[in-house]
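These protein sequence lines are chains A and B, in that order. So for the first sequence, this note's numbering puts the first residue at 96; every next one is plus one. So for the second sequence, this note's numbering puts the first residue at 2; every next one is plus one.
Don't read these hints as lab results, they were simulated from the structure. Predicted, not measured: the structure shown is a model, and the values here were computed from it. Just so you know, not all the hints are guaranteed correct.
Just a few of them, taken from the derived set where beta-carbon distance is under 7 Å, the chain A residues facing chain B [said to hold, decoys possible]:
{"id": "1", "residue": "A276"}
{"id": "2", "residue": "Y277"}
{"id": "3", "residue": "Q279"}
{"id": "4", "residue": "R282"}
{"id": "5", "residue": "I283"}
{"id": "6", "residue": "G285"}
{"id": "7", "residue": "Y294"}
Cβ-Cβ distance ranges computed for the label pairs, FRET-style [claimed, not checked]:
{"id": "8", "chain 1": "A", "residue 1": "K290", "chain 2": "B", "residue 2": "G76", "range": "18 to 26 Å"}
{"id": "9", "chain 1": "B", "residue 1": "G76", "chain 2": "A", "residue 2": "L184", "range": "20 to 28 Å"}
{"id": "10", "chain 1": "A", "residue 1": "I346", "chain 2": "B", "residue 2": "K135", "range": "55 to 63 Å"}
{"id": "11", "chain 1": "A", "residue 1": "S159", "chain 2": "B", "residue 2": "Q113", "range": "56 to 64 Å"}
{"id": "12", "chain 1": "B", "residue 1": "E20", "chain 2": "A", "residue 2": "L184", "range": "32 to 40 Å"}
{"id": "13", "chain 1": "B", "residue 1": "S361", "chain 2": "A", "residue 2": "Y278", "range": "51 to 59 Å"}
{"id": "14", "chain 1": "B", "residue 1": "D35", "chain 2": "A", "residue 2": "S287", "range": "23 to 31 Å"}
{"id": "15", "chain 1": "B", "residue 1": "S45", "chain 2": "A", "residue 2": "L363", "range": "53 to 61 Å"}
Ideal Cβ placement from N, Cα and C applies to all residues, glycine included.
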Amino acid sequence: MDKPVNNKAWFFVLPVFFLVAISAIIPLMTVVNYSVQDTFGNNQFFWAGTEWFKEILHSERFHSALVRNLIFSFIILLIEIPLGIVVALSMPRKGFWVPVCLILMALPLLIPWNVVGTIWQIFGRADIGLLGNTLVGLGVNYNYATNWFDAWATIILMDVWHWTSLVVLLCYAGLVSIPEAYYQAARIDGASKWKVFRYIQLPKLHRVLLIAVLLRFMDSFMIYTEPFVLTGGGPGNSTTFLSIDLVKTAIGQFDLGPAAAMSIIYFLIILLLSWVFFTVMTHYGADNNKTESGHDS
Amino acid sequence: MAQISLNNLAHSYYPNPKEQSDFALKQIDYDWQDGGAYALLGPSGCGKTTLLNLISGLLSPSTGEILFDKTDVTGLSTEQRNIAQVFQFPVIYDTMTVEQNLAFPLANRGVQKSEIDKRVSDMLMTLGLQEKAKRRARGLSADEKQKISLGRGLVRYDVNAILFDEPLTVIDPHMKWQLRTKLKELHKQFGNTMIYVTHDQTEALTFADKVVVMYDGEVVQIGTPEELFEQPAHTFVGYFIGSPGMNILPVDVSGNLARLGDHQIHLNKSYSNLDGKIELGVRPEFVRIVDKAQNLTSAIPLSIVAVEDIGRSKIVRGEINGVSINALVAEDANIPLEAFVEFDVDRICIYNDAHLVEGSF
Chain A
96 MDKPVNNKAW FFVLPVFFLV AISAIIPLMT VVNYSVQDTF GNNQFFWAGT
146 EWFKEILHSE RFHSALVRNL IFSFIILLIE IPLGIVVALS MPRKGFWVPV
196 CLILMALPLL IPWNVVGTIW QIFGRADIGL LGNTLVGLGV NYNYATNWFD
246 AWATIILMDV WHWTSLVVLL CYAGLVSIPE AYYQAARIDG ASKWKVFRYI
296 QLPKLHRVLL IAVLLRFMDS FMIYTEPFVL TGGGPGNSTT FLSIDLVKTA
346 IGQFDLGPAA AMSIIYFLII LLLSWVFFTV MTHYGADNNK TESGHDS
Chain B
2 MAQISLNNLA HSYYPNPKEQ SDFALKQIDY DWQDGGAYAL LGPSGCGKTT
52 LLNLISGLLS PSTGEILFDK TDVTGLSTEQ RNIAQVFQFP VIYDTMTVEQ
102 NLAFPLANRG VQKSEIDKRV SDMLMTLGLQ EKAKRRARGL SADEKQKISL
152 GRGLVRYDVN AILFDEPLTV IDPHMKWQLR TKLKELHKQF GNTMIYVTHD
202 QTEALTFADK VVVMYDGEVV QIGTPEELFE QPAHTFVGYF IGSPGMNILP
252 VDVSGNLARL GDHQIHLNKS YSNLDGKIEL GVRPEFVRIV DKAQNLTSAI
302 PLSIVAVEDI GRSKIVRGEI NGVSINALVA EDANIPLEAF VEFDVDRICI
352 YNDAHLVEGS F
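Could you build the full structure based on these sequences and the hints that come with them?
This is the structure:
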């Protein structure tokens, strides 16, 4: 390596550095600043050290919101990933119906999140909503505003409706990029449909599924707008996820210190879990033979 | 194993083909003998792969039928036809080991475990992949992957035919030789019908007993390597087979006399009733360079453009009346300044609209 080194190139990084500083680092540092101080108003702050972190980590309320959120994300991944794969597999590969299907799939993704919440809030209402009223008419005692199970079911159904399309579109892109020769070889080898899926399609979807799982995990773990509009965290605290809890603490109760500490813990949990997912999925099925790992096709 | 017959087979990728040019494969009738080693030779895009995919059932033909031992299989699926096919680019199952890849086509057909193990270990030996048997296939190099693809075709001994679609494209030259020899050996050992698609004439001529030459969706000649060399049925065959290819000269022929501009060439056969485009074909091997001093009546003056030394012989590139012509001469041959050419009369072929015409004595 005897390429000329010119450190002037670093100047080109400056604009990006400033942008990132203004949009991410400075706000984050403000949060860090709040998290280690206490205030009694009048813009007067006192050093609190790690007090708020200890409080949050030992808080029953935080624990239950965290568990709720983990269960929610787990259910979402469990439903949306397989469903997305199945829908992508059954979509046509060529012809008139391709654009039709793609547009239908993209529609839910284009609707603003609070509108999605409102749509489902009305859709699910037991008195006037199509879904709620039909269920009640069928004799089901359905009311998402009073029954925690109904609230959860509605939120999960809403999220599946809203976000499965993302998984579908990612998988569809992965499927159409598999060369025809693989399917031909499978026919020659007498592979069944299941084996084609298991040994050709699924391994080739590995990368897009990694992205789909990461995106769906992060988004569902940070979900705020839709449940806020639909249930506002209730009934009781049954749908109070971390983000809703955080907003209640910060803006409802104006406990800036604990809210800041909670933000940082929340952020670190997402970072940690995303890293775990990424590491597990990139190492899953990797070669034992490191020497030739460059030939990855 | 089976004899494969093609009856009026043609294929077009358009749903409603109208003209002859809509067909990727124009009509073909041919019987591939059981146990034969065939090569399908032709330039890219001439319909070789289409023909192969029709035989294996990956495509279904626009018209005509395919018979295996007199049984019509046109409507049968690839699986039911029991055909092995190896593709141009390696296709491997990423998540399986080398061993599992080779066992896959057998396991899918419900072959017994002990039989699978035996065949797979034989095949690993044949391909020289024993040491990598337990490794994941996706970490291997391109030619190792292609060996696995070949192996998956060859582990099934009982197939009706094995089709190869330019299987050695991605293989290193020294490995190509080795694998081709291996294929010949396997052919002798198991006697499978093998059809080998290639655009490389050396590969075709060394592999096959019979070579099928295709050009623009049509089979232009089927013959042994000797026949293709000595009696090309189509100017394309003459040009495509041999290095350099056959010299093709526009001429007028009447009786046993061919006229090339002002020059006359005596033929040993006579031709009558020729109309259309008449050409004379002669291979560079049968063109002699002579000195003016020999003063032969049949000699034609040649303006030499270049002389290329290709090792054991030389190619003399020249022109007669602006038409380029090549001659293959011995390495130590003397090239006179004022050169003339003479054709070996017995080796001259006459073409009418690109197709060979037989003369009469």
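Do the hints match the structure? See the list:
1. A276: 5 Å, holds
2. Y277: Hint holds; Y277/A Cβ to chain B Cβ min 6 Å, cut 7 Å.
3. Q279: Cβ of Q279/A sits 5 Å from chain B, so the hint holds.
4. R282: Holds: closest Cβ of chain B sits about 4 Å from R282/A, inside 7 Å.
5. I283: Given a least distance of 5 Å, the restraint on I283/A holds.
6. G285: Holds - the Cβ of G285/A comes within 7 Å of chain B, reaching about 4 Å at its closest.
7. Y294: With a closest approach of 5 Å, the Y294/A hint holds.
8. K290/A / G76/B: 18 to 26 Å: Holds: the Cβ-Cβ distance is about 24 Å, inside 18 to 26 Å.
9. G76/B / L184/A: 20 to 28 Å: Since G76/B and L184/A have Cβ atoms about 27 Å apart, the given range 20 to 28 Å holds.
10. I346/A / K135/B: 55 to 63 Å: 59 Å, holds
11. S159/A / Q113/B: 56 to 64 Å: 57 Å, holds
12. E20/B / L184/A: 32 to 40 Å: 38 Å, holds
13. S361/B / Y278/A: 51 to 59 Å: 55 Å, holds
14. D35/B / S287/A: 23 to 31 Å: Holds - the Cβ-Cβ distance for D35/B and S287/A, about 30 Å, lies within 23 to 31 Å.
15. S45/B / L363/A: 53 to 61 Å: 57 Å, holds
Of the numbered hints stated above, none is contradicted by the structure.
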